[in-house]
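Number of protein chains: 2
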Amino acid sequence: MGKHYDELIRLSREVSDYSSIGAVLSWDQETYLPPRGARARGRHLGQLSALAHRLATAPEVGAAIRGAEGEKLEGAAAVNLREIRRSYERQTRIPTELVRELTETSVAARQAWKEARAKDEFPIFAPFLEKLVALRRRYAEAIGFDGEPYDALLDGYEQGMTAAEVSRIFDGLRPRLVALAAKIRGARPLRTDFLHRSFPAPGQARLGRRVLELMGFDFQAGRFDVSAHPFCTSFSPDDVRLTVRYDESFFNAAFFGLMHEGGHGLYEQGLPSAHEGTPAGEAVSLGIHESQSRLWENQVGRSRAFWRHFFPFVREEFPDALRDVTEEEMWRAVNEAKPSLIRVEADEVYYNLHIMLRFEIERGLLLGTVRPADTPALWKERMEQYVGVRPDTDADGVLQDIHWSGGMIGYFPTYSLGNLYAAQFLAAARKAIPDLDERIGRGDLRGLLAWLRTNIHAHGMTWRAPELVEKVTGEAPNPDYLVSYLERKYAEVYGI
Amino acid sequence: MGKHYDELIRLSREVSDYSSIGAVLSWDQETYLPPRGARARGRHLGQLSALAHRLATAPEVGAAIRGAEGEKLEGAAAVNLREIRRSYERQTRIPTELVRELTETSVAARQAWKEARAKDEFPIFAPFLEKLVALRRRYAEAIGFDGEPYDALLDGYEQGMTAAEVSRIFDGLRPRLVALAAKIRGARPLRTDFLHRSFPAPGQARLGRRVLELMGFDFQAGRFDVSAHPFCTSFSPDDVRLTVRYDESFFNAAFFGLMHEGGHGLYEQGLPSAHEGTPAGEAVSLGIHESQSRLWENQVGRSRAFWRHFFPFVREEFPDALRDVTEEEMWRAVNEAKPSLIRVEADEVYYNLHIMLRFEIERGLLLGTVRPADTPALWKERMEQYVGVRPDTDADGVLQDIHWSGGMIGYFPTYSLGNLYAAQFLAAARKAIPDLDERIGRGDLRGLLAWLRTNIHAHGMTWRAPELVEKVTGEAPNPDYLVSYLERKYAEVYGI
Numbered sequence: 004m005g006k007h008y009d010e011l012i013r014l015s016r017e018v019s020d021y022s023s024i025g026a027v028l029s030w031d032q033e034t035y036l037p038p039r040g041a042r043a044r045g046r047h048l049g050q051l052s053a054l055a056h057r058l059a060t061a062p063e064v065g066a067a068i069r070g071a072e073g074e075k076l077e078g079a080a081a082v083n084l085r086e087i088r089r090s091y092e093r094q095t096r097i098p099t100e101l102v103r104e105l106t107e108t109s110v111a112a113r114q115a116w117k118e119a120r121a122k123d124e125f126p127i128f129a130p131f132l133e134k135l136v137a138l139r140r141r142y143a144e145a146i147g148f149d150g151e152p153y154d155a156l157l158d159g160y161e162q163g164m165t166a167a168e169v170s171r172i173f174d175g176l177r178p179r180l181v182a183l184a185a186k187i188r189g190a191r192p193l194r195t196d197f198l199h200r201s202f203p204a205p206g207q208a209r210l211g212r213r214v215l216e217l218m219g220f221d222f223q224a225g226r227f228d229v230s231a232h233p234f235c236t237s238f239s240p241d242d243v244r245l246t247v248r249y250d251e252s253f254f255n256a257a258f259f260g261l262m263h264e265g266g267h268g269l270y271e272q273g274l275p276s277a278h279e280g281t282p283a284g285e286a287v288s289l290g291i292h293e294s295q296s297r298l299w300e301n302q303v304g305r306s307r308a309f310w311r312h313f314f315p316f317v318r319e320e321f322p323d324a325l326r327d328v329t330e331e332e333m334w335r336a337v338n339e340a341k342p343s344l345i346r347v348e349a350d351e352v353y354y355n356l357h358i359m360l361r362f363e364i365e366r367g368l369l370l371g372t373v374r375p376a377d378t379p380a381l382w383k384e385r386m387e388q389y390v391g392v393r394p395d396t397d398a399d400g401v402l403q404d405i406h407w408s409g410g411m412i413g414y415f416p417t418y419s420l421g422n423l424y425a426a427q428f429l430a431a432a433r434k435a436i437p438d439l440d441e442r443i444g445r446g447d448l449r450g451l452l453a454w455l456r457t458n459i460h461a462h463g464m465t466w467r468a469p470e471l472v473e474k475v476t477g478e479a480p481n482p483d484y485l486v487s488y489l490e491r492k493y494a495e496v497y498g499i
Numbered sequence: 004m005g006k007h008y009d010e011l012i013r014l015s016r017e018v019s020d021y022s023s024i025g026a027v028l029s030w031d032q033e034t035y036l037p038p039r040g041a042r043a044r045g046r047h048l049g050q051l052s053a054l055a056h057r058l059a060t061a062p063e064v065g066a067a068i069r070g071a072e073g074e075k076l077e078g079a080a081a082v083n084l085r086e087i088r089r090s091y092e093r094q095t096r097i098p099t100e101l102v103r104e105l106t107e108t109s110v111a112a113r114q115a116w117k118e119a120r121a122k123d124e125f126p127i128f129a130p131f132l133e134k135l136v137a138l139r140r141r142y143a144e145a146i147g148f149d150g151e152p153y154d155a156l157l158d159g160y161e162q163g164m165t166a167a168e169v170s171r172i173f174d175g176l177r178p179r180l181v182a183l184a185a186k187i188r189g190a191r192p193l194r195t196d197f198l199h200r201s202f203p204a205p206g207q208a209r210l211g212r213r214v215l216e217l218m219g220f221d222f223q224a225g226r227f228d229v230s231a232h233p234f235c236t237s238f239s240p241d242d243v244r245l246t247v248r249y250d251e252s253f254f255n256a257a258f259f260g261l262m263h264e265g266g267h268g269l270y271e272q273g274l275p276s277a278h279e280g281t282p283a284g285e286a287v288s289l290g291i292h293e294s295q296s297r298l299w300e301n302q303v304g305r306s307r308a309f310w311r312h313f314f315p316f317v318r319e320e321f322p323d324a325l326r327d328v329t330e331e332e333m334w335r336a337v338n339e340a341k342p343s344l345i346r347v348e349a350d351e352v353y354y355n356l357h358i359m360l361r362f363e364i365e366r367g368l369l370l371g372t373v374r375p376a377d378t379p380a381l382w383k384e385r386m387e388q389y390v391g392v393r394p395d396t397d398a399d400g401v402l403q404d405i406h407w408s409g410g411m412i413g414y415f416p417t418y419s420l421g422n423l424y425a426a427q428f429l430a431a432a433r434k435a436i437p438d439l440d441e442r443i444g445r446g447d448l449r450g451l452l453a454w455l456r457t458n459i460h461a462h463g464m465t466w467r468a469p470e471l472v473e474k475v476t477g478e479a480p481n482p483d484y485l486v487s488y489l490e491r492k493y494a495e496v497y498g499i
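Line order of the protein sequences matches chains A and B. Those letters in the first sequence? Residues 4 to 499, per our numbering, in order. Those letters in the second sequence? Residues 4 to 499, per our numbering, in order.
Rather than coming from a laboratory, the hints here were simulated on the basis of the structure.
Cβ pair distances, simulated, as ranges:
1. B:Pro205 to A:Gly367: 52 to 60 Å
2. B:Arg141 to A:Glu72: 46 to 54 Å
3. B:Ala61 to A:Gln223: 33 to 41 Å
4. B:Arg89 to A:Pro62: 31 to 39 Å
5. B:Glu74 to A:Ile97: 39 to 47 Å
6. B:Gly163 to A:Ala61: 42 to 50 Å
7. A:Gln223 to B:Arg89: 38 to 46 Å
8. B:Asp447 to A:Ala231: 33 to 41 Å
9. A:Ala231 to B:Ala61: 34 to 42 Å
10. A:Thr99 to B:Pro205: 48 to 56 Å
11. B:Pro205 to A:Ala231: 18 to 26 Å
12. B:Ala61 to A:Thr99: 21 to 29 Å
13. A:Ser170 to B:Pro205: 53 to 61 Å
14. B:Ala167 to A:Glu107: 54 to 62 Å
Positions of the beta carbon are idealized from the N, C-alpha and C atoms, including for glycine.
Next comes chain A alone, as it looks inside the complex (with noise of 0.2 Å):
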């Protein structure tokens, strides 16, 4: 392209390969590290992340940025460039005092809030959600915004998202859920019990392979191991992998939670090898990440197809467990909507519920119109109003979710921006593979991850999310899509 982009992809590859670096050993901290060795793991990745830090914020980057503005690129160069410039400007926008502080608090905050929550005393936390919210809010002063500070901090997980934008989707979302779930609430409650029957790990392992090889995941480039939470993390399109927890006496939490890490992970295999180590090759954001893991696990996991195909694998590996179990009666069980304290339990129909309340709550403390003091009233009123329940306590309250302790203020939008744009990209697979549910039914998945690999994963950070849904869908992210899905859904699952 030109000398000045030659070196600026070399520099933005060496950043890259040290990430990688740290993440093969965060992988490993998660899944196979003894007790004793956390003490010279966290060094390590300390020193990684230093290293990476001051590379990608070096003065040379800069130069090579500048130089490469006159370079008249185009494609994934021009796009590389407008990336790394941006993620340069970002970070070299806020002070390294800031950073420093930002990283101190959170440790300190971490502690508090295990202590807090385990305690069920909000106010061990409170002061230090305080100091959090001010750091986090000189922290969008110091990057800049066009609208509120809110906007500032989502840029960093969903470029392009604004806080009224997320607000205009969420209340085209609420008023519809809220509707779905008092009329679920009133219809007659699902057999479940047999979900909660034995299901040892070997066959559980054995049945996730199943489906991931079903969905397509390239066991080749890839693998799947045993940690405390779940999680997809890549070392490059060719080395993804995805961790797992067995619930020997809850048959969804692995299962589902394998075909959700197995999303993002054909995203990251899909991602186009000859951009690796540069945006062009990277996830657009959270969100489309979200909305590939939300896709396979809700869309097509808990479909009737799906089921369909797969219900017999499932009871030859547990035929104790399933002994009585229609496939039908699997489908509705795996579909159970319920209120409940917990996000990270939610179904399909609450989960978005959740969501919204933290949105409104975080937005409202970087404006100053919520104090951390009041968030704990605050979020007992909201989840009556919106879930239908209210928290006895704060440690199932407002203390329950790690991210606002590690400083991070706007990630919680992306979960439900997943959820909605899984909708509205299945939406449009379906126009253009018409017997898609007919193919899922027979086990043949490969036309819709092919689809996918075409319409989104092949193309890393060409377009931003918004951007993305648009190409791809033919309109703005829409949340029309999600709740039609689960109003059809669920009317067939409850019989309403």
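Following the hints, complete the assembly by docking chain B onto the known chain A.
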């Protein structure tokens, strides 16, 4: 100590950290890496080793060494300065061009060796061996030596050892080993059929864990996993990884393999944490490392006392395979000695004879008295003379080992030195713990480990191998201990 010394330690620890990070990636490569992940992994490892090399040979290191020389260092600090200076001088004496040429030639030579071995065609490998010998001779000349070129290479693996000294030691071993082997060939063969029955891997894994726990391996600070070629690696004294390969139709492979790697692992876990990342916290040499693995594998693991304690556990795990086997038969069987073509399958009697012929050949190659083209014939001749068998092919002869194809010339003697040190160390331990055999027979190995910790592990690189042996045992490395141990044991094993 002084500001230059402190700076030197900071630099040394930084290099050590990047080496440890590389070790994590290498461990993962051998245990869990999906096949297609190898490409990115190679790039990441190359990048880390280039970084570590650049940092280790940076001018700042030279300046800190010169500054620290004026700071009157004592104890561990003096050891660190001595060893960091030595390593810095060795590394900076080699021209970058030569390092590059060696690396590139090794990559090509490795491929050629694989092909040559698969096709049993030595001429495919010959030109590469020739080139590697020439490069390693230039390497030795760049470093410098008092005696002969071999010394400079051997010193890189076993500091303070020379070809002349190895020769003296081997001359003490050879005739008595050859005589012992001849006697055993004349004795009645042992019963060993049961070692080749069915030993399912899960049972072998449980036994492996049990024997490692008995040895005192700390599973809070280490673990073991499966790999094609067993090894031990360490990321800190608190994170030591062993690997094992299960052969379900041969008991010895995994069991003694794990005791062997466990011996290495105990050494790594016993190094002083306070000096982590500096020579005072590192292993002395390859030979001393090997002495720890051989001591546990052979001196302990193949002793009569050990089987008195351990046989019931093995029979409990494998009641079918060992239904008609006594403790005594088991002990004899695991000590079977017989000539074989392959070094890695050799027993305690024959192993060192395999090493001697390699040492003689590689020493001659460097001196120019042996031509690469002559090595196949020379190998066969010496095998017949020392081991008593003659390979039909070069694949089972001169091409069997991987070492030379990677430029590792001067490495082999460290295996035999390990055997020799192990026997000499155990003789000293026996003096300190007169009831050692009774303790082992009761399954109490703590006293032995404590002795090794105090006398060897805790000292890091304080003394070089020959000094350490003298310090611990009261005399210079002496082959008599090894031969006497073997003569005594084999007289009993074979009733000769």
